[in-house]
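Colleague: Fit chains B and C to the supplied structure of chain A, relying on the hints for placement.
Each chain is listed here by its residues.
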Amino acid sequence: MTPPADSAAAATPGAMDRRDAAWYADRIAQALIFVGGVSAIVFIAGIFVFVTREGLDFALGPLGLREFFTSIAWRPTSNTPTYGALALIAGTASVTGFAMLLSVPLSLGAALFIAEFARGKTRETLKILVEMLAAIPSVVWGFVGMSIMNPLIIRVFDVPVGLTVLNAGLILGLMAAPIMTTIAEDALKAVPDTYREAAEALGATRWEVVVKVVIPASRNGLLAAVLLGVGRGFGETMAVLMASGHAINLPTSPFDSVRALTATIAAELGDAPVGSDHYGSLFTLGILLFVVTFLINLAADVVVRGIGRK
Amino acid sequence: MVGAAAGGAAADVSGPRYDEPPVIEVRDLSIAYGGRPALRGVNLDVHRHEIFGIIGPANSGKTSFLRALNRMETFNASMEVRGSVSINGMNIRDWRNEYALRSRIGVVFPLPVGLPLTVYENVAFSPRLRGIRKKAELDEVVERCLTRAALWDEVKDRLDSLGSLLSGGQQQRLTIARALSQEPELLLLDEFSIAVDPVTTMRIEDVLRELRSELTIVMATNLVQQARRLADRTAFFLMGELVEIGVTEDLFEREAKDERTTGYIEGRFG
Amino acid sequence: MFAATPLNRRSHRTQSLAKAVFFLMTVALVVPVLVIVGTLAVKGGPAISWEFLFTPPRDFMTAGGILPALVGTVWLVVVALLASVPVGVAAALYLSEYAPDNLLTRTINLAIINLAGVPSIVHALFGVGAFVLFFGIGASILAASLTLAVMTLPVVIVATRESLQAVPHAFREACWNMGATRWQTIRKVVLPNSVSGILTGVILEVSRTAGETAPIMFTGAAAFVAFLPESVFDQTMAMSYHLYYIATQATDVPERTTYGVALVLIAIVLLMNAVSIGFRVYLRGQKKW
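Residue numbers (the numbering used here), protein chains in the order written: chain A, 1 to 310; chain B, 311 to 580; chain C, 581 to 869.
To be clear, the hints were calculated from the coordinates, so they are not data collected in a lab.
Check before you lean on any hint, since a few could be wrong.
Computed beta-carbon distance windows for the label pairs [unchecked claim]:
id, chain 1, residue 1, chain 2, residue 2, range
1, A, Leu295, B, Gly344, 26 to 36 Å
2, A, Phe157, C, Ala600, 24 to 34 Å
3, A, Thr194, C, Gly718, 57 to 67 Å
4, C, Phe640, A, Gly270, 13 to 23 Å
5, C, Phe859, B, Gly351, 46 to 56 Å
With a straight-line Cα cutoff of 30 Å, these simulated DSS-like cross-link-like pairs (lysine-lysine) come out [stated by the list, open to error]:
id, chain 1, residue 1, chain 2, residue 2
6, C, Lys599, A, Lys212
7, B, Lys444, C, Lys768
8, A, Lys189, A, Lys121
9, B, Lys444, B, Lys466
Chain B stretches covered by chain C per the calculated footprint, using a threshold of three residues with CB under 8 Å from any CB of chain C [what the hints assert, rightly or not]:
id, segment
10, 417 to 423
11, 428 to 441
All C-beta atoms, glycine included, are put in the ideal place defined by N, C-alpha and C.
Bound-form chain A, shown alone (with noise of 0.2 Å):
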């Protein structure tokens, strides 16, 4: 039809309707913004990928799982190498452990702290301070390690070396502790002012609807904190190589030395010839370590997932 005359604004339909610069603009834009969105996915998928390729066929081929996974023989410079693990492993496995033993309550409580019972400055001037904690690189966690923890830890327990399970954990616990203060506390604060109004209006303590309402209520978000302090444990490179010894050692005490998967990478990497079995022994500890911190990023998201679901 065509639009009266007198009706400036009326322009007909097929000339308004042509597509204009700004709308290829925009087209052009989200097909951008589309690849920078699903990078992520390419990233990690990437990593897969490479660290796979570099050590799967060492993985398949040379090395045997059984002996990767019960000998603690690493020796991969020997003449007759051999490729166990197991020392390893349980070296990450007691340096993290240990760590949980301390960054868990204090993280639980820290946040606990801060979400429930911190008003105004106070919270503000922790929270600061948390995120500064987090703040510091490992490396100057390692540094901390060896050049303060270890004189002090041989000078109080009496002990020839402080390089150990002890002192590596001990800063791992420090280091683990903010993403876990963090999550929790969000946890916490997820719980609805309702519950906790409720709670009170019934007579109970601020300490009792912590305890019975607070902390149930939020136990998927606890959890999933605790999962990621974890994973960040279980992955700690610098600090874990500087400060635990790096002495293979299935560890029967907090004094003893032992060695991480993580600090085998970084401490053999630069002299392990490209395409050699050690180099390829390598990349298998980081697949290992990759498949490992994947689930538990996995299993923390899955349990995140069943608080949305709530």
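Modeller: Here is chains B and C on its own, set in the frame of chain A:
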């Protein structure tokens, strides 16, 4: 319905053009959000230079109807639209450049949304989108639109302050000025007076009466008396259904065909 | 008026006790920060001088300064930002402005969590396998920075997404209703109003990137380079790796020097962090709506 109204109003030069084909033709329009229906099977026509009122209680589908006229389902993945809406005889879903379509339709929301830009930039936003760059030209558009929205005198000395710092009533007139800056053929208003004081409401109503001579207005309102004051014809929506359409005076003079319309108008429910 | 019954006296005692215990736990976490910073400042402070900051190391790292490491860290950070900020902002824009609630979006979110959670040494393996070898870049600033960029991408994405989502939806609706395309809306209203929040995230990323060691050890950082980098294809010294090297590999480095390097590194990182936090607090008071 249309015929009955056309008789009286056609003589008025600035009044609705019931003798011409309608500007908006809505056929069997249904809207749902994620499967939950919000509007079912609506058919209606709106004519040039008409103020078309839509009344009805909350959740009756008024807002969804206005959103469909503007093809806002593009931005809301859960909004499903069926049936057809034609503007100037062309189905809006056949438009290849939906942004050009929206640029010809001005919209005013219940709560005024001053963009976080200066007063000047709020009104110059749409002209700039159209590619107007010259300062003098923009100045002219800004002054003209603010004047027509009855806001110029109040803000002419602070065009550079933030639009979101104006009072609620001023912000609502700012959004009307912004809508006018689009040089729209069609103006959609959704309960524009909900957050505005009575004096400003009256001023905006005066503005709308003047605008009618230049464009076509569809106005959803929660105030039945506002529809009576302004609308040439009025539609009553209830729970996602179009109950009836009539010449506004007829509806208000107890000549509504449907019990429920009379009941709503007389305030028996709402 | 209401006499305290023994029961609720006891529960109030429990309450005070719990509060005190949680407070001590929090203190136990934050005190080490202060102790560490204090110790580094006391022991490393005397090492800091113009000569220390602005000359290269001499005599097998036992004397001289840290200039090439400082400059190298700046190179690494700048190149990493150039790579990660555009990609990260695009990813955040997708998640905030486009992404429907579907499997792809959930997968992206999971991938982001994993990028942040994968051990830094695995990122290093990726950097070696992908950038150094597969794409043939060789050990260089470029390869190291790209590795760092991938690793810190989640920092930009999360911060940017948060500041994009803080822009009220009504602004977008208003623009769309005027006929603006999504991109015009993003460019003219959404981005200008979230740019400071994005900047906060970028500063935080600088802090993270400057401190990382493992990802650059095999991708471009070198123990000693006599000259300052001239292009992204050079290897370089870096503060973090320099600290690792003189703390564990070099011999006869004066304690003062090692503490000095650690102090400068932590000062850079914490300063960036403080700027980011301060900026965030400042922005909270600057809201336009």
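Colleague: Need the list of violated hint numbers for this structure, in ascending order.
Modeller: none
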